[in-house]
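Student: Using the sequences and the hints, build the whole thing.
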Amino acid sequence: QSALTQPASVSGSPGQSITISCTGTRSDVGGYNYVSWYQQHPGKAPQLMISDVSNRPSGVSNRFSGSKSGNTASLTISGLQAEDEADYYCSSYTSSSTYVFGTGTKVTVL
Amino acid sequence: EVQLVESGGGLVQPGGSLRLSCAASGFTFSTSSMNWVRQAPGTGLEWVSYISSGSSTIYYADSVKGRFTISRDNAKNSLYLQMNSLRDEDTAVYYCARFGGYSGRGWFDPWGQGTLVTVSS
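Residue numbers (my numbering), protein chains in the order written: chain A, 1 to 110; chain B, 1 to 121.
Simulated from the structure, these hints should not be mistaken for lab results.
The structure presented is a predicted model; accordingly, all values stated were derived computationally and were not measured.
Be aware that one or more of the hints could be misleading.
Derived CB-CB ranges, DEER-like [as the list claims (entries may be wrong)]: (1) B:ASP88 to A:GLY43: 20 to 26 Å; (2) B:LYS76 to A:SER97: 23 to 29 Å; (3) A:ASN62 to B:SER25: 39 to 45 Å; (4) A:GLN16 to B:GLY16: 45 to 51 Å; (5) B:GLU89 to A:ASN33: 30 to 36 Å; (6) B:ASP62 to A:ARG26: 16 to 22 Å; (7) B:SER55 to A:ALA82: 28 to 34 Å; (8) A:GLY79 to B:ASP73: 43 to 49 Å; (9) A:GLY43 to B:LYS65: 29 to 35 Å; (10) A:THR5 to B:LYS76: 39 to 45 Å.
Backbone N, C-alpha and C fix where the C-beta goes; we use that ideal spot for every residue, glycine too.
Tutor: This is how it looks when you write it as structure tokens:
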């Protein structure tokens, strides 16, 4: 199972909006609405930001939103803040009943 | 507070074995499916294994199938990962993560702090 494809890096200025893409196949992202997104700060464990494509867990800022179109899922961060600087990973359920993560995206706040 | 604490990591030679543990607290462990996810140094996340609440359903990534065994003891609120025939490429921080969702389809939340496994001669 190949990793889902994410851009290596995305940057934006405070207050701006950025979008991170996550591209898979019909066997994972495109076939199921079980895409989740995780934020990871350096030296820390990942933290769930979005589940089931677009559901935001309680406690997660409403500046984070998720969507999906075809084989590509997206995470949008609006009103970018310094604390949003971190690595972000997508994950998807697959047709093999396994899970695959994305290659990861480093978000930089300029 | 929901908490997951991994232990058992360390330095092991190629071909060796190691058993990781994950102690759970703050939630009903016996009704929660669990996972192991790893992260090699400086790289991304890789899902390793899933186990349902009653251990009836287990899945593994192809990279560890036949070498790793996931198990749990609901009476002890503990999750385990027995790792045999370890290879250099198994070097990683291993995280345990509670599974959210139904019938094996969902997300990982929360995650433990991780335990480092280093495979080297």
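Student: Indicate, hint by hint, whether the structure satisfies it.
Tutor: Hints versus structure:
The beta-carbon spacing between ASP88 (chain B) and GLY43 (chain A), approximately 23 Å, falls within the hinted interval of 20 to 26 Å. In this structure the hint that LYS76 (chain B) and SER97 (chain A) lie 23 to 29 Å apart at CB holds, the actual value being about 27 Å. Checked against the hint of 39 to 45 Å, the C-beta distance between ASN62 (chain A) and SER25 (chain B) comes to roughly 30 Å, which is inconsistent with it. Checking the proposed 45 to 51 Å range against GLN16 (chain A) and GLY16 (chain B) shows it holds: the Cβ atoms sit about 49 Å from each other.
Between GLU89 (chain B) and ASN33 (chain A) the C-beta distance comes to about 32 Å, which sits within the given range of 30 to 36 Å. Separated by about 19 Å at the C-beta atoms, ASP62 (chain B) and ARG26 (chain A) satisfy the suggested range of 16 to 22 Å. Restraint check, SER55 (chain B) to ALA82 (chain A): a C-beta distance of roughly 44 Å breaks the suggested window 28 to 34 Å. Here the CB-CB span from GLY79 (chain A) to ASP73 (chain B) is close to 45 Å, well matched to the stated 43 to 49 Å.
Roughly 30 Å separates the CB atoms of GLY43 (chain A) and LYS65 (chain B), a value that falls within the hinted 29 to 35 Å. A C-beta distance of roughly 40 Å is found between THR5 (chain A) and LYS76 (chain B), which places it inside the suggested range of 39 to 45 Å.
The structure is inconsistent with the numbered hints 3, 7, although it conforms to all the rest.
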